[in-house]
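**Student:** Here are the chains, one letter per residue:
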Amino acid sequence: MCLAIPALVTALHDGAMASVSVGGIAKQVSVALLEQVAVGDYVLLHVGYALHRVSEEEARRTLAMMAEAGLLQAEVADMGATAKSAGVVHEIR
Amino acid sequence: MKYVDEFRDRDLARTLAAAIAAAADPARDYNFMEFCGGHTHAIFRYGVQDLVPANVRFVHGPGCPVCILPARRLDDAIELAERHGVILCSYGDMLRVPGTGRRSLLKAKADGADIRMVYSTLDALDIARANPGREVVFLGIGFETTTPPSAAAIVQAQAEGIANFSVFCNHVLTPPAIRHILEAPEIDPSQAARLDGFLGPSHVSTIIGSRPYEFLAARYAKPVVIAGFEPLDVMQSVLMLIHQVNEGRVEVENQYTRVVTRDGNAKAQELVDGIFELRPSFEWRGLGSVPDSALAIRAEYAAFDAEKRFTLSEKRSRETKSCECPAILRGVKKPKDCKLFGKACTPETPMGACMVSSEGACAAYWTYRRMETLAEMAAE
Ligand code: SF4
Numbered sequence: 001m002c003l004a005i006p007a008l009v010t011a012l013h014d015g016a017m018a019s020v021s022v023g024g025i026a027k028q029v030s031v032a033l034l035e036q037v038a039v040g041d042y043v044l045l046h047v048g049y050a051l052h053r054v055s056e057e058e059a060r061r062t063l064a065m066m067a068e069a070g071l072l073q074a075e076v077a078d079m080g081a082t083a084k085s086a087g088v089v090h091e092i093r
Numbered sequence: 001m002k003y004v005d006e007f008r009d010r011d012l013a014r015t016l017a018a019a020i021a022a023a024a025d026p027a028r029d030y031n032f033m034e035f036c037g038g039h040t041h042a043i044f045r046y047g048v049q050d051l052v053p054a055n056v057r058f059v060h061g062p063g064c065p066v067c068i069l070p071a072r073r074l075d076d077a078i079e080l081a082e083r084h085g086v087i088l089c090s091y092g093d094m095l096r097v098p099g100t101g102r103r104s105l106l107k108a109k110a111d112g113a114d115i116r117m118v119y120s121t122l123d124a125l126d127i128a129r130a131n132p133g134r135e136v137v138f139l140g141i142g143f144e145t146t147t148p149p150s151a152a153a154i155v156q157a158q159a160e161g162i163a164n165f166s167v168f169c170n171h172v173l174t175p176p177a178i179r180h181i182l183e184a185p186e187i188d189p190s191q192a193a194r195l196d197g198f199l200g201p202s203h204v205s206t207i208i209g210s211r212p213y214e215f216l217a218a219r220y221a222k223p224v225v226i227a228g229f230e231p232l233d234v235m236q237s238v239l240m241l242i243h244q245v246n247e248g249r250v251e252v253e254n255q256y257t258r259v260v261t262r263d264g265n266a267k268a269q270e271l272v273d274g275i276f277e278l279r280p281s282f283e284w285r286g287l288g289s290v291p292d293s294a295l296a297i298r299a300e301y302a303a304f305d306a307e308k309r310f311t312l313s314e315k316r317s318r319e320t321k322s323c324e325c326p327a328i329l330r331g332v333k334k335p336k337d338c339k340l341f342g343k344a345c346t347p348e349t350p351m352g353a354c355m356v357s358s359e360g361a362c363a364a365y366w367t368y369r370r371m372e373t374l375a376e377m378a379a380e
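Top line first, the protein sequences correspond to chains A and B. Everything in the first sequence is counted per the UniProt record's numbering, starting at 1 for the first residue and increasing by one. Everything in the second sequence is counted per the UniProt record's numbering, starting at 1 for the first residue and increasing by one.
Be a bit skeptical, because a hint or two may be false.
Facing chain B, a subset of chain A residues (Cβ under 7 Å, in silico) [stated by the list, open to error]:
| id | residue |
| --- | --- |
| 1 | Leu33 |
| 2 | Glu35 |
| 3 | Glu58 |
If you are wondering where the hints come from, they were derived from the structure by calculation, not from laboratory data. Virtual Cβ for every residue (Gly too), placed ideally from N, Cα, C.
Start from the sequences and build out the full structure, keeping to the hints where you can.
**Tutor:** Below, the structure is given as structure tokens:
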């Protein structure tokens with residue numbers, strides 16, 4: 001439960017909420033913990049909150065590692081979405 | 001190099017393994033505690049132990065929030081759902097953990113309690129909005145990474161006037177737990193794991209930064225390397241620790257500079273400080289009562305504190321008899337030392353929390369080293 005998964009910010013909304021994409025899966029999350037965030041940023045997402053901004057490069061390697069270790073599907077399933085892990089990695093490349 | 005083929009960058013893994021082998025002095029031992037369950041998982045998944053010399057050992061620490069929550073707090077959560085009739089919202093990891101008498105949240109749910117698995121405190125707030133006539137309690141567990149989302153939910157509930165939402169707070173802190181482990185030798189020498197350094201947690205440090213570990217280096221003369229959770233990060237961090245030990249240096253180094261800074265996430269820290277304060281002490285499974293190691297909700301936010309809103313009865317909570325989780329969490333025993341491992345206790349029929357959470361040591365041994373462990377047990 002301590003894992004954080006990289007996500008791409010696709011839109012910002014009122015109330016410190018944002019739409020993110022975790023491999024084509026759209027999800028509403030909170031960005032209340034971030035100082036600054038913009039559309040196009042990659043963030044580390046943990047239990048529905050963006051914790052930290054990360055570089056695209058870091059996002060890519062983390063996603064690849066998580067897919068490889070079989071952690072990605074579990075995380076995405078936890079989020080109440082269904083996704084093929086391969087799709088997640090491809091989309092960010 | 002049994003598992004090296006599974007690394008994405010095999011060449012780098014081989015180079016690191018060779019560098020570790022060259023750096024490790026065969027005349028001594030290196031015992032490094034990885035505090036974070038994410039590291040435990042990476043070490044097992046990639047067989048990192050087999051890539052380093054036998055005198056470089058990993059000691060699994062108490063960094064799994066599910067594993068360290070004592071039966072008493074879980075019994076309290078079940079009481080909130082059963083006796084007070086609240087909608088209890090919990091992260092999925094907690095549902096199968098056995099409390100006293102091996103009762104879990106899942107069993108309480110099967111018996112009719114309204115227990116709901118949520119992915120986020122945002123979901124718990126939605127449930128509270130949708131059920132204004134019911135009390136909704138979020139079971140808050142986790143280290144520094146998971147605390148800010150609980151704080152944010154309380155801020156949100158107050159801003160919106162969601163009066164039926166509260167948090168049962170069990171958030172715990174990493175540095176005081178490490179300190180406690182280091183002070184154990186003075187308390188009881190037989191309990192002390194011999195440790196030469198620590199792999200510091202990745203995502204926790206994203207929030208708190210590397211600064212809070214500096215006292216460990218200064219006061220207890222133990223090196224710390226904040227490590228990313230990829231297997232190559234772990235190997236590189238081990239190499240950094242070996243260099244520190246060999247050179248007699250005692251520092252906080254940061255291998256995970258891609259993400260962790262010295263000061264961490266100031267906004268998240270401020271939010272947490274506004275809502276929570278230190279508890280004078282908190283009971284950890286395995287460590288017992290640890291001073292200043294957990295958070296409670298500040299008096300100003302008592303309306304959102306489930307411990308203030310509901311009366312919890314005195315109970316005689318007990319951990320499962322002969323479950324060795326407590327000693328395993330202190331780093332003094334291994335899953336093979338528990339006679340229930342793989343027999344009465346499996347992930348399907350967990351007797352202790354360390355078998356439930358995927359970050360727990362027993363679950364890691366079960367998933368990745370079952371045969372070796374059962375063979376060792378049979379031989380003993
Ligand atoms: S194997 Fe099961 S009973 Fe034994 S220590 Fe691990 S969790 Fe406890």
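**Student:** Against the structure shown, which of the earlier numbered hints fail to hold, in ascending order?
**Tutor:** Hints that this structure does not satisfy do not exist here, as all of them hold.
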